[in-house]
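A.B. asks: Chain by chain, the residues:
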Amino acid sequence: SQKIEQNSEALNIQEGKTATLTCNYTNYSPAYLQWYRQDPGRGPVFLLLIRENEKEKRKERLKVTFDTTLKQSLFHITASQPADSATYLCALDRGNTGKLIFGQGTTLQVKP
Amino acid sequence: DAGVTQSPTHLIKTRGQQVTLRCSPKSGHDTVSWYQQALGQGPQFIFQYYEEEERQRGNFPDRFSGHQYPNYSSELNVNALLLGDSALYLCASSYDRGFYGYTFGSGTRLTVV
Chain A
1 SQKIEQNSEA
11 LNIQEGKTAT
21 LTCNYTNYSP
31 AYLQWYRQDP
41 GRGPVFLLLI
51 RENEKEKRKE
61 RLKVTFDTTL
71 KQSLFHITAS
81 QPADSATYLC
91 ALDRGNTGKL
101 IFGQGTTLQV
111 KP
Chain B
1 DAGVTQSPTH
11 LIKTRGQQVT
21 LRCSPKSGHD
31 TVSWYQQALG
41 QGPQFIFQYY
51 EEEERQRGNF
61 PDRFSGHQYP
71 NYSSELNVNA
81 LLLGDSALYL
91 CASSYDRGFY
101 GYTFGSGTRL
111 TVV
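If you read the sequences in order, they're chains A and B. Per my numbering, the first sequence starts with residue 1, numbered consecutively. Per my numbering, the second sequence starts with residue 1, numbered consecutively.
Treat each hint with caution, since some may be false.
To be verified - Taking beta-carbon pairs under 10 Å as the criterion, some of the chain A residues facing chain B (in silico):
hint : residue
1    : 6
2    : 9
3    : 11
4    : 13
5    : 28
6    : 41
7    : 43
8    : 46
9    : 47
10   : 62
11   : 91
12   : 102
Hints listed in this document are in silico derivations from the structure and should not be mistaken for laboratory results. Even for Gly, the Cβ is constructed at its ideal location relative to N, Cα and C.
Please build the complete structure, drawing on both the sequences and the hints.
C.D. replies: This is the structure in structure tokens:
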């Protein structure tokens with residue numbers, strides 16, 4: 001069956017370090033992949049979208065890579081801050097359908 | 001610029017009852033999707049509406065139905081509520097099929113007792 005896996009354990013890092021979150025998928029050939037941030041009790045907030053023909057995309061302190069051979073996306077936050085603490089979700093759209101399949105999310109805790 | 005607005009924010013219902021949740025999309029967006037999110041899990045796709053038609057549907061029973069109005073606002077209806085329907089229900093709007101990302105509302109927390 002189709003599956004999207006993110007680090008199930010929380011990621012704890014020190015302020016100023018780079019946080020790296022992983023999203024692995026199986027049985028998909030996604031048209032694009034999206035990353036969202038979700039704070040407790042709130043809806044997800046869109047961060048970045050990367051298409052299947054793109055290897056890397058950046059936005060300020062955020063960087064996303066997309067390796068369709070490894071079936072993996074990496075999400076990096078450089079110079080992390082306590083305000084970056086949240087749950088981060090990756091989501092795939094397999095065939096430009098608009099139907100997003102989400103991973104379970106990884107909780108990031110940045111300590112001062 | 002108002003984002004996605006959902007109402008109500010919280011709701012408590014009894015098993016067997018029916019519920020209607022409402023969503024106003026972000027200005028300029030024509031597509032509305034609904035998701036169910038259980039605690040500690042990622043959102044699960046319920047269905048998507050575009051031009052007042054259901055365009056995509058996830059693995060949810062027929063008890064879950066929806067509607068989109070000409071002004072792009074949308075409703076999610078759930079009949080014969082079960083305890084397992086307790087979750088955060090999220091509405092997401094986009095232009096076309098979300099090729100530029102989705103804007104989510106803060107959700108409706110539904111508790112079935």
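A.B. asks: Now, for every hint given, state plainly whether the structure supports it.
C.D. replies: Hint check results:
no.	hint	in the structure
1	6	holds (8 Å)
2	9	violated (13 Å)
3	11	violated (16 Å)
4	13	violated (21 Å)
5	28	violated (14 Å)
6	41	holds (8 Å)
7	43	holds (3 Å)
8	46	holds (4 Å)
9	47	holds (8 Å)
10	62	violated (13 Å)
11	91	holds (8 Å)
12	102	holds (3 Å)
Of the numbered hints given earlier, the model fails hints 2, 3, 4, 5, 10; all others are met.
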